[in-house]
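Order-wise, the sequence lines are chains A and B.
Quick note: the first sequence uses our numbering, first residue 1, plus one each step.
Quick note: the second sequence uses our numbering, first residue 465, plus one each step.
Treat the hints as calculated values from the structure; they're not laboratory data.
Please note that the accuracy of each hint is not assured.
[As the list claims (entries may be wrong)] Pairs of lysine-lysine, DSSO-like flavour, derived with a Cα cap of 27 Å: (1) Lys-70/A with Lys-246/A; (2) Lys-474/B with Lys-321/A; (3) Lys-542/B with Lys-61/A; (4) Lys-489/B with Lys-474/B; (5) Lys-489/B with Lys-367/A.
[Stated by the list, open to error] Label-pair ranges, simulated between beta-carbon atoms: (6) Glu-257/A with Glu-507/B: 28 to 34 Å; (7) Glu-485/B with Ser-423/A: 25 to 31 Å; (8) Gly-45/A with Lys-489/B: 53 to 59 Å; (9) Pro-515/B with Gly-44/A: 44 to 50 Å; (10) Gln-4/A with Glu-485/B: 53 to 59 Å; (11) Glu-497/B with Ser-423/A: 31 to 37 Å; (12) Ala-496/B with Gly-62/A: 40 to 46 Å.
Cβ atoms here follow ideal geometry from the backbone N, Cα and C, with glycine treated the same way.
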Amino acid sequence: MSRQTVEFSITAAERLNETLNAFLQIDREGALSRVKEIERGGQGGPLAGIPIAVKDNICVKGLQASCGSKILGDYHPPYNATVIERLTNAGAIVIGKTNCDEFAMGSSNENSAFGPVRNPWDTTRVSGGSSGGSATAVAAGIVPVALGSDTGGSVRQPASLCGVVGMKPTYGRNSRYGLVAFASSLDQVGVFAHEVEDVARVLGVIAGRDPQDTTTADVPVPDYVASLTGELKGARLGFPRSLFGKGLDDEVKSAVESVVDVYRDLGAEIVDVELPNAGYAIAVYYIIATAEASANLARFDGVRYGFRAEDAPELRQMYRKTREEGFGPEVKRRIMLGTYVLSAGYYDAYYRKAQQVRTLIKNDFLKAFASCDAIITPTAPTPAFAIGEKTDDPLAMYLNDIYTVTANLAGIPGISVPCGLSSERLPIGFQLLGPYWSEEMILKLAHGYEQVRPFNERPPISAS
Amino acid sequence: MPISQSDIEKVAQLAHLELGEEELKTFGPQIAEIVAYVEQLNELDTANVEPAIGGLTHEGETTETTRPDEIFGSLGQKTALSEAPDPAEGHFRVPKVL
């Protein structure tokens with residue numbers, strides 16, 4: 001049974017990759033030999049024989065981890081990320097590594113050094129990003145589950161644009177050991193699946209304290225699947241009216257407003273909430289994320305792993321040439337911006353200021369959650385846009401993350417759930433944000449919606 | 465704050481990036497635009513606001529992060545060097561420093 005499932009996934013990945021460019025590596029041989037091991041050992045586990053796809057910035061021993069960058073190229077990490085260790089111990093089979101924006105920096109997957117991922121709903125459009133390959137692999141029915149990473153919305157936004165469920169948990173819920181660092185105070189591993197229940201099941205396997213990552217918290221991992229009771233009566237859902245205004249596509253607006261009506265019908269109480277500083281989130285994010293990235297990416301210097309430029313007879317020249325040739329334009333732009341905001345004389349004006357406004361954004365959420373259990377917003381301001389449409393305007397691209405970055409800045413969990421198609425048959429998603437460690441509540445709310453409004457549409461490019 | 469071409473060159477040097485002519489030209493205005501955008505934060509009075517420290521929750525901050533001082537295995541020299549672009553004699557070899 002599991003052999004057939006895994007075979008199906010691998011064959012579909014191979015067959016559709018020319019069209020979708022979702023995978024950077026497909027590991028037919030390794031995956032099938034893992035299946036054999038499981039069959040031989042008669043070993044079960046909650047995910048026995050489930051094929052999964054993994055974003056190429058998460059380390060899987062024996063497979064590549066390019067992070068969508070030339071500077072890592074065919075780097076093969078000698079160890080597993082903790083989340084991979086836990087998934088494979090539970091019986092899951094990694095079938096391949098998925099395409100992503102270089103070092104997870106992007107909202108459209110166009111920043112991958114290996115070409116953009118194509119949206120299975122319309123291959124002239126972006127998949128979203130940065131975990132576009134993982135979102136696409138699930139949307140096209142290649143795998144039931146995939147892992148991504150979410151620093152400013154990189155799981156939730158592509159989930160929304162591809163019509164699947166995508167979740168980022170509370171900061172410290174999942175281990176970042178073996179996730180290649182972009183912005184360490186924002187990064188979390190997230191999960192994609194067609195259904196909320198599968199997200200709950202996988203989160204339950206990967207979550208929890210890891211001595212290898214001191215930012216994981218000692219908070220018990222509940223049985224997330226058991227929380228999916230369908231009982232929403234009395235739940236209080238916060239509605240931040242001011243976020244449903246300027247810049248939001250009309251179809252997305254009305255789709256998400258209809259979701260609010262569904263929740264009301266299910267017995268939830270709709271509460272007006274304010275997030276007065278949400279409008280500053282992108283500015284805060286692009287200071288903090290780039291500052292952290294400029295430090296984290298200093299390690300790519302052509303010495304210990306990855307690419308090294310030729311014809312550089314002197315050390316410092318070698319560093320510069322390696323980084324110049326190895327990094328793509330968006331990564332360089334962000335390293336530059338991060339270096340600038342941290343440089344002498346500017347630290348207080350930018351970095352410290354951003355961390356202060358981050359406190360204000362956190363406080364907005366704490367205040368809002370005093371009167372509600374979760375907050376509903378759109379996940380992305382528009383459905384998937386055309387490939388090439390926003391590549392010349394970095395700032396316009398950054399604004400795609402307007403609804404998702406706040407969760408990373410505050411450290412709270414968020415989930416994107418599909419809620420229909422636009423008139424052009426492109427998926428629309430809504431987002432639920434909850435207080436710290438409220439994964440059970442937002443999974444329950446997401447699942448409750450899905451039970452009455454299941455998203456059964458499938459894209460034209462699909463494995464089945 | 466206006467950002468000059470020489471600012472960009474200085475930042476590139478700090479970041480160990482050897483930018484080409486084209487990049488120096490495009491990055492300048494793009495970074496200036498982004499910096500102008502983020503300066504909207506100055507609208508907010510944050511005189512009495514503590515800066516957030518990292519992304520940690522209260523539970524994360526109070527989690528015990530020390531462990532018993534026990535010896536356990538490591539990657540080992542061979543594996544640690546296996547991905548190096550130019551390993552030699554158990555070391556990472558680099559071009560001349562001086």
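A quick look at each hint next to the structure:
no.: 1; hint: Lys-70/A with Lys-246/A; verdict: violated, 38 Å
no.: 2; hint: Lys-474/B with Lys-321/A; verdict: holds, 16 Å
no.: 3; hint: Lys-542/B with Lys-61/A; verdict: holds, 16 Å
no.: 4; hint: Lys-489/B with Lys-474/B; verdict: holds, 14 Å
no.: 5; hint: Lys-489/B with Lys-367/A; verdict: violated, 45 Å
no.: 6; hint: Glu-257/A with Glu-507/B: 28 to 34 Å; verdict: holds, 30 Å
no.: 7; hint: Glu-485/B with Ser-423/A: 25 to 31 Å; verdict: violated, 45 Å
no.: 8; hint: Gly-45/A with Lys-489/B: 53 to 59 Å; verdict: holds, 55 Å
no.: 9; hint: Pro-515/B with Gly-44/A: 44 to 50 Å; verdict: holds, 48 Å
no.: 10; hint: Gln-4/A with Glu-485/B: 53 to 59 Å; verdict: holds, 56 Å
no.: 11; hint: Glu-497/B with Ser-423/A: 31 to 37 Å; verdict: holds, 33 Å
no.: 12; hint: Ala-496/B with Gly-62/A: 40 to 46 Å; verdict: holds, 45 Å
Comparing the model with each earlier hint shows violations of hints 1, 5, 7; every other hint is respected.
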